[in-house]
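2 protein chains.
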Amino acid sequence: MPSARFEACLLEKKTLIDTWLERLMPGPEEEPAILHQSMRYSVFAGGKRLRPVLALAAYEICGGRGEAIYPVACGLELMHTYSLIHDDLPCMDDDDLRRGQPTNHKVYGEAMAVLAGDALLTLAFECFLGRGTDGSVSQETLGLLARRIASAAGSVGLVGGQAMDVNRFSQDRRLETLVSTCRLKTGRLIQVALECGAIIAGAGDEVLNVFSRYGRALGLAFQITDDILNVMGDAKTMGKAVHSDASLDKVTFPELLGVDRARSYARQQVDETKSALSPLGGAAWFLTELAGQLLERQA
Amino acid sequence: MPSARFEACLLEKKTLIDTWLERLMPGPEEEPAILHQSMRYSVFAGGKRLRPVLALAAYEICGGRGEAIYPVACGLELMHTYSLIHDDLPCMDDDDLRRGQPTNHKVYGEAMAVLAGDALLTLAFECFLGRGTDGSVSQETLGLLARRIASAAGSVGLVGGQAMDVNRFSQDRRLETLVSTCRLKTGRLIQVALECGAIIAGAGDEVLNVFSRYGRALGLAFQITDDILNVMGDAKTMGKAVHSDASLDKVTFPELLGVDRARSYARQQVDETKSALSPLGGAAWFLTELAGQLLERQA
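Those sequence lines, one after another, are chains A and B.
Going by the working numbering, the first sequence opens with residue 1, and the numbers climb by one from there.
Going by the working numbering, the second sequence opens with residue 1, and the numbers climb by one from there.
Please keep in mind that the hints were generated in silico from the structure rather than gathered at the bench.
The structure displayed is predicted, hence computed values, not measured ones.
Among the clues, some could well be false.
Below, in silico cross-link-like pairs of lysine-lysine (DSSO-like), each with a Cα-Cα straight-line distance of 27 angstroms or less [stated by the list, open to error]: (1) A:Lys106 / B:Lys106; (2) B:Lys106 / A:Lys250; (3) A:Lys274 / A:Lys48; (4) A:Lys106 / B:Lys250; (5) B:Lys274 / B:Lys14; (6) B:Lys274 / B:Lys106; (7) A:Lys14 / A:Lys274; (8) B:Lys48 / B:Lys274; (9) A:Lys14 / A:Lys48.
What the simulated footprint calls covered on chain B by chain A, stretch by stretch (three residues with Cβ under 8 angstroms from a Cβ of chain A suffice, anywhere in the stretch; the number is not a length) [stated by the list, open to error]: (10) 26-35; (11) 39-51; (12) 104-113; (13) 122-133.
Even glycine gets a Cβ: it sits at the ideal position worked out from N, Cα and C.
All chains should be built: construct the whole structure from the sequences, respecting the hints.
Here's what the structure looks like:
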């Protein structure tokens, strides 16, 4: 069970992130209204806000105060949302449900879903580059950050991982290949979220390395538990179809390792997150508990 | 007929742009190879390179020398290419041919086409933000430029125009609506290409306004002639399906105005480009001739 302190801290972060997302997104009446409604539909469909929460946590641990982190953190959530919308399309994973609600293309049609994803990706860069900023971070730092994020999100990052996933039939079924697909698809954006928080707070390379190592292990742990939930989970709690990986003939951790060994592999990654954080001592309690919670999550 | 000087100057620009695109893009063997091949397929399918040519021309007119403009100019071409790939998808315009060759999804499948578009958009931002740069432009200027481009490319720019196009059945059939769709869909990226050239060359607001006005009229002239070619053109010369607008029930300039009045409307816009350029005198000869060529183009 998460501690009360953890739950309060998580809720506070998520509330602030939602307030900022509302501030940064075009309103539902703004033209072209149907596009903006489609974008908002997926952004406000109740995500876990994992990436912006990580960015905020790293920022605070590094002594960051003030609001400079929010537009960047929210940009990461917009980026994550775009990738989900495109990933759910009929030509990709063909999912009808996401977070308990019909997927974007089920509501707005495929064309608008493609465009909503495109517009969210573009809006994410506006946020990284100063939309909604209080001006306390230099344009130079924002530019360097945005470039780092672009590299983590592109053809040798997030999109590259998706491409390997789509192209899975020509891949071998080795753990190594699965780990590297997962590092691209999930790991790099999680890692860069933490790095963003640290960089905006002005942290040095040593602390940056702590977060990189933590993020690397966390991303892997997250994907493994996601795969296990897809096999073992309950569709109602998950808010999306379960067993969908098997029907798409996806290579997953439980399929390669069996559920028990996959669980212990995830536990190993969570241990690695804890070792990674040790130089930060008690200041990192929130991130330590967050990683531990992964093993217990039901959705 | 274009002058020999114009043709030589255009060819020189296009050759340099192609060299830089090759330098900026991941190689076809780099993993994930199939994704990189899909991206390269559309980028090197023989486009007119209009946007980067405009950026280069504006840069030179403003006294810009050196190579600082190339990564930004090429980023604009990557952005244009992503929008074409997504626009051709079955759920959008469902086009089988583009520039005389099968469209991206016909060769690589829909999923890879969606991802190639996503990766090109992301790579475009890497280019705007310093990929391949010689370091002569400050990170601050690059960041501000990238933000300006993001705004022109997003939900109240390029993607917004596409959304209005997709959603055309609920639109009125007024010239005003068509003009504003076209300004978003085509105009803003053309305008921002010229502005990029001027800004990187260090031009002031007065010159910037000249290019904004020129780009605004040029974008409109370009779209009108595109529509006319879709009605009157020859599929072989065009390298793509003609009469496709009518079969999609698209509102176009020739349909609203008739071909003759559409032609004279395009001519009017070309005249406007010339007035816009007049403060620059002879230095702007290339842009003047380029606008005039639009009226004669066959593809």
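Inset, instruction - Quick one: which hint numbers does this structure break? Sort them smallest to largest. - result: 6 and 11
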